[in-house]
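Chains A and B are the protein sequences, given in the same order.
Okay, so the first sequence: first residue is -1 according to this note's numbering, each after it adds one.
Okay, so the second sequence: first residue is 849 according to this note's numbering, each after it adds one.
Simulated from the structure, these hints should not be mistaken for laboratory data.
The reader is advised that the hints may include incorrect statements.
These stretches of chain B come out as covered by chain A in the derived footprint (C-beta under 8 angstroms, 3 or more residues) [said to hold, decoys possible]:
1) 931 to 938
2) 1037 to 1045
Away from chain B, derived, C-beta distances all over 12 angstroms, residues of chain A [unchecked claim]:
3) Ser69
4) Leu72
5) Gly182
6) Arg195
7) Thr202
8) Met252
9) His366
10) Pro371
11) Lys385
12) Gln409
13) Phe498
Taking beta-carbon pairs under 8 angstroms as the criterion, some of the chain A residues facing chain B (in silico) [to be verified]:
14) Leu363
15) Gln399
16) Pro407
Glycine is no exception: its CB is placed at the ideal position from the N, C-alpha and C atoms.
Spelled out, the chains give:
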Amino acid sequence: MDHCAQTPNTPPDAPPKKPLVFTVKIKNALRIAAVDAHAQTLGLVPGLALADARAREPQLLAVPMDEAADSHMLRRLAHRCSCWSPTVVLMPPDAIGIDIQGAAHLFGGEAGLMTEVEAAMAVAGMEVRLACADTAEGAQALARFAMLPVVDEAAALRALPVVALGLEPQAALGLQRAGLKTLGDVAARPSASIAARFGMEAVTALDRILGKARGALMPMLHTAPLRFERRFAEPIAHQASIAAALSTLLDEAMTALAKRGLGGRRFRLTLCRSDGAKQYLDIEVGSPTRDPALVLRLFNERAETLNDPLDPGFGYDSLLLAIPSAEKLGVEQHSFESEAKADIALAELIDRLSTRLGPGRIRRLVPHDSHIPEQAQLALPAVHARKPVPWPAPPKGEPPQRPLFLFDPPQPVEVIAEVPDGPPHRFRWKRKLHEVRLYEGPERIATEWWRKKGGEYAGKGGLTRDYYRIEDVHGRRYWIFRHGLYEEKPDPKWYLHGLFA
Amino acid sequence: MRVDISKLMPPSSIVAGPCEPVFRWETGAAILDDAIGGGFAIGRVHEVFAARAEDSPACAGFVLALAIRNAGHSKPVVWLRSERAVRGGVIQGAGWAELGGAPEACLFVLAEDAKALLRAGVDALRCGGLGAVVIEGWGRMPELDLTASRRLSLAAEKSEVPLLMLRVDAEPVPSAAETRWQVSAAPSQALPGNAPGAPCFDIELLRCRSRPAGQSWRLEWDRDRKSFRDTAVSGSMVSLPLRRQAAQTGNGPLRPDAKYAA
């Protein structure tokens, strides 16, 4: 027996009182694809041009249809449905089929199950139309076209209009013109003549809806989560026995991963203490792995760096190893090249240090497309930024134009300089006076005014910076800027932004 | 030629005597290379002290240039800093590339204290195939005693990765280092228009195992050739006396500049 839940588009966060419609572009015209209940009462139907609908209802709220989001939502709802039966079928765009054969009695029969589904979907914010039938197609047709609730299933199926067959509009029109208005009328005719006139599809669809034939169901595949548990007859507290249990768990997990052709990216070990407390150890590796020794080493590393060390108390009842994130990993091929070996060694170093110090402390520098100096680079955690992004090579024959060290925020300095555009002659930084010997500049860096609201108007875009590369009499090289031109600001401040090698 | 011969020899054992050959990388400045036996030894610890705290960027630049010289464009450099070092500025990939390095191949590690820094340093040194490991330590670092220093040097010898210890605001103490240097910023050779030129360093050899120490040089880093140059022999300028201020040239920075006046 099949069970069909039809889920109409519900507005995500529509303000009350305004009718809401979803639009699609068909042949260069915006047309309504779906409507909410309020719009339906106003007589707006899918297929109507948006301009016509607006003419009728100026208050109308129109939102472009997001099909990807719809199908994502449908998939999530289908996952929710898997608590009622293991076989859940997606029927895009807006229906879900649940095979409740042998499962309905667990929820108090068909009626009980339908109440439960309706309540659960209401919690999820969904208004649903539910119907049961012998076949998935029948249930779907009832949910879409019948008057609900259905009292007599067979009669209701025979009373369905011919559009429920899901044929081409031409064929449905042809059936109606032949005087066949309901499925019962069509079924009363010899099937050979129907097939001759409207094709075999019409007969097949009719048989499936009326329960004379069954179509193949394509249930959603559930992959079992990667969870491995070891329970102990007696609580264990010895570190050696915990390590032994963990390594057998890891072996089991790695075999399962290898079978699926996956490698784990994140691992979580839950240590369940006999008094009910749970302790967690989480590790993350930069590239998918199936190496139990590596994972064991990282778990050890993690356990060592905990702020409050693991306390076994009266011992652990069970260990649970979960792999929440896994990625594709083919069969490894060992290379004889030393370069590949060095890469692997570096990846292991990253994993180890990230586990011990935290992923935010091992970073790679990635160039960022901005000419504001403090935004020109991103320091990404090395665990996540595996692929190196090359940095642009500096022009040949020039001294360094960008400093090796940058202060963020820049440090204020007192400067004696020529007005308006002169270079600094001496400056005071950290209470020390520096005499300028050589300088180059200014290099003028404007703000990113296009990112600022109203930045296109003169004087609203922010302050321009004039950078000078200077060297003092001791040979120390600095990067100093004046924050603002004299026409922008009466008394612009000076800052030390970077230090050259 | 000495280098060529040493390259043909097998790598040194754990304890290297005065005659045992080790792999070395040259700095490019011949006088300096000769003074330390043909270049910096690979798989050893080299300590570089900033003469004053203000010289830390110059010192870091010198260390980075040494690392780039050994790492080339493909081998990664691991740069470890303590949290205190970040007060001296955040390392910039653009500035790194400006000195000729490849920041994309490098790892930057930030340790919360000296203990974690040294431990991460040993881990990094155990990883073979690196161009160099740099440990940037600010302050006295009492954790870096002879034991810790020996541990670092053993790890470096085993993996044949050089360790460059960059020390700022610290006094030299006995350690297992092969060489010890003191670096300060030096006035660069001015470009036309009084612009600062390529980075220059005053370096002094404080200690070199089984060799005389105490010499000092003024080196310039040539980014395009990825090589150091002794400014005394470059011919473009007479070298200045060491440890003395550069004489004020004419009216120096006050002179209105033709290049930028327009």
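Structure-based check of all given hints:
With 3 residues carrying a beta carbon less than 8 angstroms from a beta carbon of chain A, the segment 931 to 938 of chain B meets the three-residue requirement, and the given coverage holds. Residues of the segment 1037 to 1045 of chain B with a Cβ under 8 angstroms from some Cβ of chain A number 7, which satisfies the need for three, so the listed coverage holds. With a minimum CB-CB distance of about 38 angstroms to chain B, Ser69/A clears the 12 angstroms threshold, and the non-interface call stands. Every beta carbon of chain B lies more than 12 angstroms from that of Leu72/A, the smallest distance being close to 42 angstroms; the non-interface claim holds.
Consistency note on Gly182/A: stated as away from chain B, and its beta-carbon is indeed over 12 angstroms from all of that chain's, at 72 angstroms minimum. With a cut of 12 angstroms on Cβ distances, Arg195/A stays outside the contact zone with chain B, its closest approach being about 69 angstroms. No beta-carbon of chain B is positioned within 12 angstroms of the beta-carbon of Thr202/A; the least distance is around 60 angstroms. Every Cβ of chain B is farther than 12 angstroms from the Cβ of Met252/A; the closest lies at roughly 23 angstroms, confirming the non-interface assignment.
Residue-level check failed: His366/A sits 9 angstroms from the nearest beta carbon of chain B, not beyond 12 angstroms. Distance check on Pro371/A: its Cβ comes as close as 8 angstroms (rounded) to a Cβ of chain B, failing to clear the 12 angstroms threshold; non-interface status is violated. Annotated as non-interface, Lys385/A brings its C-beta within 12 angstroms of a C-beta of chain B; the closest such distance is 9 angstroms. Under the 12 angstroms C-beta cut-off, the non-interface status given to Gln409/A relative to chain B is violated; the minimum distance is some 9 angstroms.
Listed as outside the interface, Phe498/A is inconsistent with that label: its C-beta sits roughly 6 angstroms from the nearest C-beta of chain B, within the 12 angstroms cut-off. A least Cβ separation of about 4 angstroms between Leu363/A and chain B falls short of the 8 angstroms threshold, and the interface hint therefore holds. Because the beta carbon of Gln399/A sits about 6 angstroms from the nearest beta carbon in chain B, less than 8 angstroms, this interface hint is met. For Pro407/A, the interface hint is violated, the least distance from its beta-carbon to any beta-carbon of chain B being 11 angstroms, above 8 angstroms.
Against the hints set out earlier in the document, violations occur for numbers 9, 10, 11, 12, 13 and 16.
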